[in-house]
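Chemist: Two chains, each in its own frame: build the complex with the hints.
Chains as they are written, first to last, in our numbering: chain A, 10 to 309; chain B, -18 to 346.
These aren't lab readings, by the way, just hints derived from the structure by calculation.
Beta carbons: idealized from backbone N, C-alpha and C, even for Gly.
It cannot be assumed that every hint is accurate.
To be verified - Which stretches of chain B does chain A cover? Using the computed rule of at least three CB atoms under 8 Å from a CB of chain A, they are:
no. : segment
1   : 80 to 90
2   : 147 to 161
3   : 194 to 201
4   : 212 to 226
5   : 234 to 240
6   : 301 to 307
7   : 311 to 319
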Amino acid sequence: MKLAYWPGCVSRGFTPELHGSVAKVAPLLDLELVELDRANCCGAGVIAEHNQELVDTLNARTFALAQDVQGAAGMMNICSTCQGAQSECQERLDASSSYRDEVNSHLKPDGLSYQAGDSWWNKNFLWILVEEIGLDNLRARVQRPLSGLRIAPFYGCYIVRPTRRLGFDTYPERDQYLNQVIEVLGAEPVEYAGARKCCGFPVITMNRTTSLRQAGRHVADAIDAGADCLVTPCPLCHLNLDLQQPAAAAYVERDLDLPVLHLPQMVGLALGLEPKELGMGKHVVSTGDVQRRIAQLAAA
Amino acid sequence: MTDFALKIRRFDPESGQPAYWADYDVDLPPERSVLDGILQVKDREDASIAIRCSCRAAICGSCGVKINGQSALACNTRIGEAAERARNGAITIEPMGNMPVLKDLVTDMEAVHWKKIRRVVPWLLPAEDPPEGEEYIVPPESMLDVTQSMACIQCGACVSACLSLEVDPDFIGPAALAKAYRFVGDPRDGETESRLKDLAEDPHGIYDCTHCFACVEVCPKDVAPMNQIMRLRRRATNDFGIKDSNNGYGHEKAFANIIEKWGTLFEAQLLPRSFGDGSLIKGQLRPSGVKQLTESLPTVIAGLRSGKVSPKKALVHPKLPDQKQVRRIIHEIESKDERLELNLYIVGEMGEESEGAMAEGSGES
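Isolated chain B (complex conformation) (with noise of 0.2 Å):
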């Protein structure tokens, strides 16, 4: 047995008080969880914290907290492990973020997460009717890509810990988007390109992720829903040329068109062109590319004032030395009739090949 020093943020909306943080000491041995902890302290010292629970596995996805600052289950999450990365000694648990607190450890799924899920169709929208008397077959290898987002538990982690969220409540978020995948890639879904196409228009979309990997990094399951954005951006621009209001078509041919062009990125055409769907010419002379021009002006006045960026940087960019070599291999992947993908939550970090993990679709356009 050990002891641990426990700190957990208290809240009682009844009580009229704000929220505080209350000090419990309890002891088990290191290798029990954060909920075993949390549970003791109800048991010996304090019934009244609230904290949802049920199978203690990291299966049902129900004690979703912060821990140490962390967004984790409190049930995965060894209590001795959390007392070493404490601060100031005490294991810190406090409801999750970007979401309502109920009371104490409980937060308002509803309210934010069970919305954002509902958001985006979570069922099947099939192209067709399952042949008469049966249910529809899928070959196994043409699911594996959709595994990864099919292991979620809906715990919340990923929104709570979600930095785009934090600024944009509106965002559909990291577990939405991932769950959307898993129907974008079903091979029976026959809404694709419609479920794509909404969720690249969604000024909250899946161009609002800002690619931070806080999702990533705290997903219990290893969903890795910003992969999953990142999957179905790749849909949405190369197998459908969805182009977007938000400019997420325009960024992504820009970007690609200025490295075959000349290898580095070329900053000062990176905006311009992002407004013209990778043509330069087209993004200055589009009525919205050209309002948002105007709104960078005065940073691209400020940028030269401080002289970091020159009249002549903005104008001229080098060309890599071996420029060919860029563009013959940029040409080489890009005319292949499937796009490579090496998924490793399917191949495993230590790598077996198989063959399933290795491709992705390349897409019905």
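For reference, chain A alone in the conformation it holds in the complex (with noise of 0.2 Å):
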């Protein structure tokens, strides 16, 4: 499957395991990956609060570049806040034609025009993995099921809420993917308060102690639940599960020292790649024990 291709800004940035573990994965799920590296940054909110018609006309031009790549399917992102942010751009502009023709005209001068249509799509990886390979296609590619892995999903605001503008009418179980795919790689998934709830990462220079009491806390569930990692389809969710935790430890006063994944680190070691190709050393907090439980993996 073709694929118009918007890594974002994060997984560019801070998270670069999370675009090489991408790259990694891509080919061994059959996905022809055409990199939008010309588009712009989703706002991640901050535009869209900053002035909207700013905001939607940039994600337009995001979408008027995905429309152009010759045959592909749809367009994918790998952030949840940029899925969440797109999608909200995306309800306005198919909404509301005058609206649309306005946004579009500052987008003229350099060619491009967002088509609103009912085909078009933009979806997150999780979304692509579940939706358009399938459950029973990706079990199929399991090299090396991740047996008695017990892995917390962390699924972020932005992908499951709000419901009626993501999609939830045509797929309702939106919410539940990320236990799917955790099953269906043949880890347990985890459950535990925190799965849906917010990371604090929009807050942490605004309110540092809501920011990082939020993080700990989640952390905090999914150890006390068993889990033996987590599991994010979000990088700014990993900046502050991950990068902040021994700063988030401070607030929730516990010891904390639990790795977090990028989801397609998970779904890479599941399909028989090392962790070292997925970047797993480039973690805050160490994956050491997860990579030994797949060494061990291999040698059983």
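Modeler: Here it is in structure tokens:
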């Protein structure tokens, strides 16, 4: 399947291991990715707060670039926040033709235009896995079932709320997909309170206490539920849950030491890739324990 | 008639016993409400179950509870649909979150919700007296922008669901901030700027919202409190240039400046620029900025040590190949006299355009 691919900013910034893992995993899933290297930031909710017409135009530009990719089935993103921010813009652009015309008028000088239509879509890698590739197809590709690993899903707000905007009418199980993928890969999904809560990242520069209490509490809950690691489809969640985890520990007054995987890393491990190829050494919280478990699986 | 299993959270402070789950069975047509189910249990099995309710039609906002973990009005939730979403066969019903429980399904709205509503001065502070012997007249289109926040029925579902309140009980919260916008957006109010200053400066005010959409998801009246909070932020920063000590203003400016300069996010500069109202140099010289940057130093070191951030990446960020396109778009839109905003609450999701729905005042500054 050929896809226009929007990697987002953070996957090429502070979580380079995510961008690298997608490059390794995509061919194993028969995904041909055409990277939108001229596309701009989705605004992450902040540009929307600043100026709505601006954020809608910036994302319409990205959509237009994606629609220009010949033969692509749709557009793929690898970040819950990109998904949410872009879906919000797309909802407005699709709702009103006069508004869309106004937005497109800003793109016209560069020969770009966003065309609304039911058949074009922008989906997170998680949605692609379940809806386009299919769980049975994914299961058939597993080389190394992640048996015995207890993995706690962390979805990221933007990919599960608001349900009405995010296509839950058509795909009512989108808030279960991460659990389903964990199962299909042979691991055990862990039930805990924080799976669909907020990581706190959006207020890290404005209210550090609120932000890190949220991150710390979810990591602690996952540890208490017996998780070996967390997995997330959102690199911004990853920043607060992994990069900030040592700082978050102080805000919940306990030790935390729980590795946090990116979704494509988890998929890659099950498809037979080695932790090193997936950049698992580039985490703040060591993924050593998970790596050892993977090595034992290979030996067994 | 269909049989439904209800699992209701019971708690009686006078009993001295902790809260517990109790199981009940009801039979009702699936299109009836969860509230009908609770009332049938009260009628047939146990009259002592405490719940607030009155209108049964999603008007009074009394019967807020959590159904299968989700905040909602019991009268506005079909029992058949709740059963479909129930795990382990039974519909769970428990009191709302983020508020103390008085008994069973009754929460102390006074201790949290109403206290916060009063915090935002929820009445009009008119700029001038009404004309002699008359009332204030406002053109209907100038009130369109606040109709969404006026739709609130004070049920507290958003307060119950708020993920920021969960870790910061002092957060003013979604319902009260939506109410604040109702007056900030009212053309008759004379205290717009001081209201915004107050809410921006409060460490538990508009910049304590984590943008998680929980309130948007649960509101039975589509008030979308988070959207109202974003409007408050937009008015505070863009219309009044309110520079708050929480870095709300700085964060927004820093982000916008970075996109204007590079097209994608240059993370290493977001923090220092946030502390300098968008400027890198100012952020690194201000005492408050230096303090907060020092606080983040261990995180920076951890990032460098893990190899996810290289010193080069921290200093250099590539511009988009077509950055001049992005810059032109930004300048074109930001130079407009009025911000254009499409409010789907007003136009409807399938989008019939209306003049008033598309315009947002550019403010008084």
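Chemist: None of the hints should be skipped; say for each whether it holds.
Modeler: Evaluated hints:
no. : hint       : result
1   : 80 to 90   : violated (count 0)
2   : 147 to 161 : holds (count 4)
3   : 194 to 201 : holds (count 4)
4   : 212 to 226 : holds (count 4)
5   : 234 to 240 : holds (count 3)
6   : 301 to 307 : holds (count 5)
7   : 311 to 319 : holds (count 5)
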